[in-house]
Amino acid sequence: MIDRRSEEYRKRSALRMKKRYSADRRFRIYGQGALVFGALALCVLLISIFSNGYTAFFRTKLALDVTFDPDVLGVAASDQDRLSLEQADYYPVVNNSIYAAIPGELARSERRLAKDLISNGASIELREMVLEDPSLVGKTVRVQLTASSDLDQLHKGNAPRDVAEGLRRIKDRQLEWYDRWVQEGRVSLKFNFNFFTSGDSRDPELAGIGGAIVGSLFTLFICFILSFPVGVAAAVYLEEFAPKNKWTDLIEVNINNLAAVPSIIFGLLGLAILLNFFNLPRGTPLVGGMVLALMTLPTIIIACRASLKAVPPSIRQGALAMGASPMQVTLHHVLPLAMPGTLTGTIIGLSQALGETAPLLMIGMVAFIVDIPGGVAEPSAVLPVQIYLWAESAERGFVEKTSAAIMIILGFLVMMNLFAIYLRQRFERRW
Amino acid sequence: MKTSMKMIFALAVFAVLLTSGPAYARDQIQIVGSSTVYPFATVVAERLGAKGMFKTPVIESTGTGGGMKLFCGGIGEKYPDITNASRAMKDTEWEMCKQNGVKDIVEITIGNDGIAFASSLKSKKLNFSVEQLWKAMAAKGPKPHKWSEIDPSLPNVAIRILTPPPTSGTRDAWNALVMSKGCDAKVKAADKDSCELMREDGAVIEAGENDALLVQKLEADPSLYGIFGFSYLDGNRDKIQAASINGVDISLASIQSYEYPVSRPLFFYVKKAHIGVIPGIREYLKEFTSTSAVGDDGYLADRGLVPLEPKKLTAVRSAAANLTPMTMSK
Chain A
9 MIDRRSEEYR KRSALRMKKR YSADRRFRIY GQGALVFGAL ALCVLLISIF
59 SNGYTAFFRT KLALDVTFDP DVLGVAASDQ DRLSLEQADY YPVVNNSIYA
109 AIPGELARSE RRLAKDLISN GASIELREMV LEDPSLVGKT VRVQLTASSD
159 LDQLHKGNAP RDVAEGLRRI KDRQLEWYDR WVQEGRVSLK FNFNFFTSGD
209 SRDPELAGIG GAIVGSLFTL FICFILSFPV GVAAAVYLEE FAPKNKWTDL
259 IEVNINNLAA VPSIIFGLLG LAILLNFFNL PRGTPLVGGM VLALMTLPTI
309 IIACRASLKA VPPSIRQGAL AMGASPMQVT LHHVLPLAMP GTLTGTIIGL
359 SQALGETAPL LMIGMVAFIV DIPGGVAEPS AVLPVQIYLW AESAERGFVE
409 KTSAAIMIIL GFLVMMNLFA IYLRQRFERR W
Chain B
5 MKTSMKMIFA LAVFAVLLTS GPAYARDQIQ IVGSSTVYPF ATVVAERLGA
55 KGMFKTPVIE STGTGGGMKL FCGGIGEKYP DITNASRAMK DTEWEMCKQN
105 GVKDIVEITI GNDGIAFASS LKSKKLNFSV EQLWKAMAAK GPKPHKWSEI
155 DPSLPNVAIR ILTPPPTSGT RDAWNALVMS KGCDAKVKAA DKDSCELMRE
205 DGAVIEAGEN DALLVQKLEA DPSLYGIFGF SYLDGNRDKI QAASINGVDI
255 SLASIQSYEY PVSRPLFFYV KKAHIGVIPG IREYLKEFTS TSAVGDDGYL
305 ADRGLVPLEP KKLTAVRSAA ANLTPMTMSK
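Protein chains in written order, with the working numbering: chain A, 9 to 439; chain B, 5 to 334.
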């Protein structure tokens, strides 16, 4: 028999109590530690992406005095219609303008070095200027032309300049000119609108995310219009109408399993059935959206069923008591109440689909695509694919582009999730 | 809610109609194949697109073997028009093509590439012989743990080499130029094919097709060696260096003359039946074989392609203009 009032017992119980409290405290600290670790990891990730990527939103411009000499352009003074201006050769005009920015006569090898400092896209920029204002022909104007990626990286401080010449992309002679131009105020950083409006390019200074954004929107659109109605219809039938038997149990188990199937399997299915059997066009948002719809379906069905389950039976019974048919009960009362939850689930499913590359690899969407797609049946890239392709490129200038593209996809995901939260807060009802 | 549901269903029906429509007409060149040729082909494609007459060709980097499989699938819009290759077409692939009705194929040699055996700049620059490399990598070789076990002059460092996957043309070329040439005479006599087998005990590590990632791995660990194309070496001279092989340094000149032992030509293959059906193929060929692209001062040379000798280039250009179909006479 233990004497609960003895000094010995009280001491031991106080000790035990203290031990239990400290175990409790330790447990909380573990939990907080896990949170802090997670937050730190996220911070490191975001900081590294941001610090690598923010420069991609700017690009280096070089102010050059461009002479639109009709003789160099190859357009006669008399015949300056649109077509001849469009087909004129702007390349020598660009080159002449950069030679003019360097004092003294240039040797052949030096000319080449000089040309390397200006982007391949500069002649297209000039063409667009002239097409907009044909009166420029014959005049000399100071134009902000896009610098080559090498100069861009140097100006942004991403490429080292204090290593031996052989190890640098930019040579000593080019550095000399660059320093001179900086003093003359020719070099400036401008906001890179082009990054949002143009498609992929092999020249980092010209590459943009526009094509991938449009491709992602098309793909998600196809994914949504296929998976949402089918998913909701399946969920409503299973939850409200289907009899409970072995078959429906089997279907339910399979839907839950399907949600866990690796996405590449859906890609293989797309390759075998959509491309090889139905002959749908390779690498298009149409096929991509269909494959991703298969992947998103289980998520939507599960979310919709859960929100249908959450609608209290009294709503159904009330409607039935007023003489509504089962279909009316479902469509007029139960489904509208389940919609906020279903939409939240759908958005989560779609944001998963937005970040997916593996199934798209199988259906040819991981490709170099320059043109911005004009429809769902034209080949296009999507955001995560663009990130992958840029990460794989040898050119140094793509490092910042990769991080910038990651920032954009993260932005999209945050927006979609905020929308899901908004829907939930605004429309969800609790009983 | 009711009307919006109806809208959604209408959209779904529309989508189904859209997808079940008749076969579409493709007006954009589709290219697949080698990841080594990819950086060059994409530049040419972009130039073609920038001219504004045709859509920019779509290029997928599938590896040489994967590209051949897609290319030889058959004739028609759903099969690619062109495949890039970092080695010549194999007999088996030629047979596969013929079986599927792909009979007339035009072979275009675009230039040369050297395969670098590279490591971080932080490591010491070394020279290897082809035989030493075989000993270090072969499954049938002595399987040494350290470089110094092959030759005392080599460093006392564990052998760890990153190789491209077997589907890669770079790997095929490495096998042909290093593994079978450096092969031990006894092993070669017993079974020629076994020369090319690589060790699987951890000294030879299979890396992915992602050459940029390889550069990062090499930079992080000076004891690692990696195998990849000259253009990647050229673009990352401030991070990695290449060892010389059989005493020859890798350079534009040594690759062009094939003096550097691991140099190889790069190709692409065109389906003749698609020319005239898919717009722009002829112009793509013309652009790719033009002096401003593959000439000595061409824009592809800037990207690390080693140009062909002038005589060879003239022959290639005439093959591209006349669309001379290739023959397999081995």
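Hints may contain errors.
Some chain A residues close to chain B (C-beta under 10 angstroms, calculated; not the full set) [stated by the list, open to error]:
no.: 1; residue: ARG120
no.: 2; residue: ARG177
no.: 3; residue: GLU192
no.: 4; residue: LEU214
no.: 5; residue: GLY218
no.: 6; residue: GLU260
no.: 7; residue: VAL261
no.: 8; residue: LEU283
no.: 9; residue: VAL374
no.: 10; residue: PRO387
no.: 11; residue: LEU397
no.: 12; residue: SER401
Residues of chain A placed beyond 10 angstroms of chain B at every Cβ, according to the derived structure [said to hold, decoys possible]:
no.: 13; residue: GLU15
no.: 14; residue: GLU113
no.: 15; residue: LEU175
The set of hints was computed from the structure by calculation and includes no laboratory data.
Computed from a predicted structure; not experimentally measured.
Glycine is no exception: its CB is placed at the ideal position from the N, C-alpha and C atoms.
Hints and how they fare:
Nearest Cβ of chain B to the Cβ of ARG120 (chain A): about 8 angstroms, under the 10 angstroms cut. The hint holds. The restraint placing ARG177 (chain A) at the interface with chain B holds, with a minimum CB-CB distance near 8 angstroms, inside the 10 angstroms limit. At its closest, the beta carbon of GLU192 (chain A) sits 27 angstroms from a beta carbon of chain B; the interface hint therefore is violated under the 10 angstroms criterion. Against a cut-off of 10 angstroms between C-beta atoms, the interface hint on LEU214 (chain A) holds, since the closest Cβ of chain B lies about 9 angstroms away.
With its C-beta approaching chain B no nearer than about 14 angstroms, GLY218 (chain A) sits outside the 10 angstroms limit, and its interface hint is violated. The interface hint given for GLU260 (chain A) is violated, since its Cβ lies 24 angstroms from the closest Cβ of chain B, which is over the 10 angstroms cut-off. Checking VAL261 (chain A) against chain B by beta carbon gives a least distance of about 27 angstroms; that is not within 10 angstroms, so the hint is violated. Hint status for LEU283 (chain A) relative to chain B: holds, with the closest Cβ pair at about 7 angstroms, below 10 angstroms.
Taking 10 angstroms as the C-beta cut-off, the interface hint given for VAL374 (chain A) holds, the closest approach to chain B being about 7 angstroms. At a threshold of 10 angstroms, the smallest CB-CB gap from PRO387 (chain A) to chain B is about 5 angstroms, leaving the interface hint in force. Interface restraint check: LEU397 (chain A) against chain B, minimum CB-CB distance 8 angstroms, threshold 10 angstroms, status holds. Annotation: SER401 (chain A) was flagged as interfacial toward chain B, and the flag holds, the nearest CB pair being 6 angstroms apart, inside 10 angstroms.
GLU15 (chain A), annotated as away from the interface, keeps every beta carbon of chain B farther than 10 angstroms; the closest lies near 64 angstroms. Taking the minimum C-beta to C-beta distance to chain B, about 20 angstroms, the non-interface status of GLU113 (chain A) holds against the 10 angstroms cut. Against chain B, the non-interface label of LEU175 (chain A) is violated: not every CB pair exceeds 10 angstroms, the least being about 4 angstroms.
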